[in-house]
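Engineer: Each chain, letter by letter, is given below.
There are 2 protein chains.
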Amino acid sequence: MKILQGNIVYSPKLGELVTMEHGALVLDDAGQVADVLPIAPNHADAAYIDYGDKLLMPSFVDMHLHAPQYPMLGMGMDLPLMEWLNTYTFKTEARFADTDYARRTYRRLANDLITGGTTRVCMFSSLHTDATLILMEELERAGVTGCVGKVNMDRNSGDVLRESTEESKRETLRWLDACKRFEHIKPILTPRFTPSCTNELMAWLGALSEERDLRVQSHLSENGGEIAFVKELHPDCDQYWETYAKYGLWKDHTVMAHCVHSDAREREALLKHNVVVAHCAGSNINICSGVAPIRTMLREGVWVTLGSDIAGGAILAMNRVITMSIRASKILHMQTDGEAEFLTVDEAYYLGSTAGHRYFGADGGFSRGKPLHAIVVDDAVLAEPVRKLSLRERFERSIYLMDKSAIRAVWSDGRQVV
Amino acid sequence: MKILQGNIVYSPKLGELVTMEHGALVLDDAGQVADVLPIAPNHADAAYIDYGDKLLMPSFVDMHLHAPQYPMLGMGMDLPLMEWLNTYTFKTEARFADTDYARRTYRRLANDLITGGTTRVCMFSSLHTDATLILMEELERAGVTGCVGKVNMDRNSGDVLRESTEESKRETLRWLDACKRFEHIKPILTPRFTPSCTNELMAWLGALSEERDLRVQSHLSENGGEIAFVKELHPDCDQYWETYAKYGLWKDHTVMAHCVHSDAREREALLKHNVVVAHCAGSNINICSGVAPIRTMLREGVWVTLGSDIAGGAILAMNRVITMSIRASKILHMQTDGEAEFLTVDEAYYLGSTAGHRYFGADGGFSRGKPLHAIVVDDAVLAEPVRKLSLRERFERSIYLMDKSAIRAVWSDGRQVV
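Residue numbers (the numbering used here), protein chains in the order written: chain A, 651 to 1068; chain B, 651 to 1068.
For reference, chain A alone in the conformation it holds in the complex (with noise of 0.2 Å):
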């Protein structure tokens, strides 16, 4: 048993963030949380570990990010969507065709999330099965847990980035075998988006995903070219979503990214079929494609969690990620005169954090039986504050100006990783 005492902060609920100065959290011996205590117990076999004055917070969760796209974050940020994609997008994933680059990379990316805070992610890697499978491992040694998908893709993607439809269902088939010695990473089907993929494949990956009982990743109602191209290559379905549903892939626990645009009726299909969203406010205002209007999905009960979207997006941070969000949310408050309330940052935290683990089969901030995912902040290393200011405006402060030197430890599925 290991007892971590701290400055405990969560969220268990969309708006609610609970603080109890010098509190503790009891693990057992398999890393699960066993309790969240007010004061540290008395326990004779106990291991105490004491974080002081410094801040214990459920770790973050970034629910939309391509890896390949990585050494391309903060390039082509000027380009309009679809020259972004061909001049720099395309070409750079293109690259993982080479292992060295790929583990090189990926190392780096593993890295830079374990010690930004991010213990879980749901991830797209390129159409290369030995690139996703190296992606895996460097996540695995790094202690990132989740989900990462081999991309399928079998048209309308240049000449550098393609793949038959015959090879991408091989090569699935491969890349799922191969996936079996992963421990903390679970592979995810993961359809591009609906351009990039022929009916076939789409039928072949949704009866796979029954078959396997396997999740699904994609893209939606991301921008209006993107959705009337849709609308063109599928003339029998009414909105976007519907070509995912005809082919068995919009489902329970589906991730889709963006939702942009969706509308009334397609945040009730979000809805009714439990259907993640993961809003990336960042690469929505990079790439001009829109704000999306997460007060009324949450109003409505739509599951909302947050993405970076690397490379769209240029921000791995998620702590810098939600705070974006929150500015996102103020834009469109403004542009309703009000009438759309933004997100405080305890909700945007709460969907940074707590809905992405929510994903991962564990609710309401520290979860009792759950693995410990956390974060210890020291937020002494900020500027000296005016007063002694309360735990909430701690959390609030790390959560606006922490980077990775506030970071001090990183508890991820039981373990300390850093």
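None of these hints come from the bench; they were simulated from the model. Glycine is no exception: its CB is placed at the ideal position from the N, C-alpha and C atoms. A few of these clues could be false.
[To be verified] Derived pair list, reagent style DSS-like, types lysine-lysine, alpha-carbon separation capped at 25 Å:
| # | chain 1 | residue 1 | chain 2 | residue 2 |
| --- | --- | --- | --- | --- |
| 1 | B | K830 | B | K741 |
| 2 | B | K1038 | A | K741 |
| 3 | A | K836 | A | K901 |
| 4 | A | K1038 | B | K741 |
| 5 | B | K830 | B | K1020 |
| 6 | B | K663 | B | K901 |
| 7 | A | K819 | A | K830 |
| 8 | A | K1054 | B | K1054 |
| 9 | B | K1038 | B | K1054 |
[As the list claims (entries may be wrong)] Short derived list, chain A residues pointing at chain B, Cβ under 10 Å:
| # | residue |
| --- | --- |
| 10 | R758 |
| 11 | L823 |
| 12 | H884 |
| 13 | A978 |
| 14 | L993 |
| 15 | V995 |
| 16 | L1032 |
With chain A fixed as given, assemble chain B onto it according to the hints.
Structural biologist: Relative to the frame of chain A, chain B by itself:
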């Protein structure tokens, strides 16, 4: 004579970026730029400083920030403006009656500015004369140059932070006398904003500005409630700017922060009188003030610079202030269905660097005959790029991604200070 070698990047004009791979800056003995050359010249008596493959580019200029709000960075961001002012801002500023606290806080601020590559500022202090002098000392010690103002505010500022009209005048004169000892930091008259200053004080400051040839900084048209209040206080003035003009404070090189809601007539007055706009995109979103029409101002010829607006803004690093300005412009781009063009990274860097240096008499990037203000950026600390990048691409990536760890040297007013 000194010769600095490196990859030179600067923006001489809005939208223009000059790049010279392995170029050279020639400095005379006073630290002034004598030449910018595509290849280092041979001089027997010159000292060579070789920055190798690093980027050598003009430093950043922060044209609006509140030094005494630094300890409340990233706090109270969920509060409406008036509650934020009363809960945090005025109480925080009041703390600077304590000169020890001021010394500690301002030393840290000055250090954070210079190591972040900001070598010139146009800055608000609090109303405290002694703390203001300490601020100027600490900036001077760190190598930050520019203008600092003791704030004048003799009404509507709550209980904790108040000076009488007489005190305000007397302390302003005492402060100005004491400023003569500073070499790199100059005083600027700083009526907080129209609601905080009686007509008598405004008139006195206007006369003093004229008499001693002093520049002026204040706030303009930040949000609707403020604008309505100003109208109430000055029913004789059609527009906000006229409340400054009436007292001789609206003149060449006056700096006005925000200008979010400045309409065509107010923008015309900005242009006609060569008043400088300090655009504070992050702050304007955080406090839900709006998004200033920067592209329109630029098209009309208005002089626009950038400000972090600490602590309405939560980001001190000017490269991130630059990228936030780009994002804000993309919001307007989307709102106008693409009619308002967004700021490119070259343009936004121009605003956060060259346009600010111009305020202090240097123009065109690396200005011949002017003291060097520059940063040296080691972008090799960023993730390995996918291929050899152009200098233009390395510049963009650096603006999006750099933090202090990438800034390896800083030159300010001709001296290397970091």
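Engineer: Determine for every hint whether it applies to the structure shown.
Structural biologist: Status of each hint after checking the structure:
1. Taking the CA atoms of K830 (chain B) and K741 (chain B), the gap is near 30 Å; set against the 25 Å cutoff, the hint is violated.
2. Pair hint K1038 (chain B) plus K741 (chain A) holds up; C-alpha atoms about 13 Å apart against a cutoff of 25 Å.
3. Straight-line distance between C-alpha atoms of K836 (chain A) and K901 (chain A) comes to about 18 Å, which keeps the hinted pair within the 25 Å bound.
4. With a CA separation close to 13 Å, the supplied pair K1038 (chain A) and K741 (chain B) stays within the 25 Å bound.
5. Taking the CA atoms of K830 (chain B) and K1020 (chain B), the gap is about 22 Å. The hint holds against a cut of 25 Å.
6. A threshold of 25 Å between alpha carbons decides the hint, and for K663 (chain B) with K901 (chain B) the separation of about 24 Å falls inside it, so the pair holds.
7. Between K819 (chain A) and K830 (chain A) the alpha-carbon distance is near 18 Å, which keeps this suggested pair within the 25 Å criterion.
8. Our distance criterion of 25 Å between C-alpha atoms is met by K1054 (chain A) and K1054 (chain B), whose separation comes to about 12 Å.
9. Our distance criterion of 25 Å between C-alpha atoms is met by K1038 (chain B) and K1054 (chain B), whose separation comes to about 24 Å.
10. A least Cβ separation of about 6 Å between R758 (chain A) and chain B falls short of the 10 Å threshold, and the interface hint therefore holds.
11. For L823 (chain A), the suggested interface contact is broken, since its CB lies about 29 Å from the closest CB of chain B, more than 10 Å.
12. Evaluation of the H884 (chain A) hint against chain B yields a violated restraint, the C-beta minimum of about 26 Å exceeding 10 Å.
13. A hinted interface residue such as A978 (chain A) counts as satisfied when its beta carbon comes closer than 10 Å to some beta carbon of chain B; here the least separation is about 9 Å, so the hint holds.
14. Taking 10 Å as the C-beta cut-off, the interface hint given for L993 (chain A) holds, the closest approach to chain B being about 9 Å.
15. Hint status for V995 (chain A): holds, given a least beta-carbon distance of 6 Å to chain B, under 10 Å.
16. Taken as an interface hint, L1032 (chain A) checks out: its beta carbon lies about 8 Å from the nearest beta carbon of chain B, inside 10 Å.
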